[in-house]
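Following UniProt numbering, the numbering of the sequence shown begins with 1 at its first residue and continues without gaps.
No wet-lab data here; the hints were simulated from the structure. Any given hint could be a false lead.
Below 30 Å or equal to it, Euclidean Cα-Cα: the simulated BS3-like pairs (lysine-lysine) are [said to hold, decoys possible]:
hint, residue 1, residue 2
1, LYS145, LYS24
2, LYS24, LYS94
3, LYS78, LYS107
4, LYS106, LYS94
5, LYS94, LYS145
6, LYS94, LYS107
7, LYS78, LYS106
8, LYS145, LYS162
9, LYS145, LYS78
10, LYS94, LYS78
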Amino acid sequence: MKTDPAEKEEQSYEDFVPFCQWQKQEEYDILEIHLPGFTRQEIRVQLNNLGILTISGEQGDGNESATTTTSTRSRFSKEIEISRNCRADQIRAKFSRGILSIILPKKVAKLSTQSTEDSKQSVHFLLGLGDTVFRPKLSKEKALKMVVVALALALAVYAVYKYQKIDGAYPKVI
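Using the sequences and the hints given, assemble the complete structure.
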């Protein structure tokens, strides 16, 4: 009596959704996917031409006996549409201690402050505007004098108001 190998094996799948966490940074984003118990060989990361990143994995837990093989396998599949400012050709993945880290570099990094300042100065030069029009430079001494004068003026206005209130000499409105 022969038994067919297909009859002998029972397989069931347990689909799950792994915990995912994004880390947004200036030059790149990192997607961390927690996959405890998985090995590197059980995980696949693929990018298609439409900009869809597919992360999938399948982990087997086989219990064999003389008559049947019962196999429960854990699996997951996750699809992520990458942004247009991502450098698809430089996407990297790293698997360590049960965490899959996918690094998605950005195309446009933030300009340095020096180049931003240079571009502002060149625009002002082209328009015939001086730097002092947009950024008046005050020394600490001048700023302190202006604050003292403003406070003195406010105090004088308050004193005049109180003096008029005591004398009852309100200006008459016609």
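Tested hints:
1. LYS145 x LYS24: 45 Å, violated
2. LYS24 x LYS94: This hinted pair holds, its Cα atoms lying about 17 Å apart.
3. LYS78 x LYS107: This hinted pair holds, its Cα atoms lying about 24 Å apart.
4. LYS106 x LYS94: Measuring from Cα to Cα gives roughly 18 Å; hence the hint holds.
5. LYS94 x LYS145: 60 Å, violated
6. LYS94 x LYS107: Cα-Cα ~21 Å, so holds.
7. LYS78 x LYS106: With a Cα-Cα distance of about 21 Å, the restraint between LYS78 and LYS106 holds, given a limit of 30 Å.
8. LYS145 x LYS162: Within the cut-off at roughly 26 Å; holds.
9. LYS145 x LYS78: The hint is violated at about 64 Å.
10. LYS94 x LYS78: 17 Å, holds
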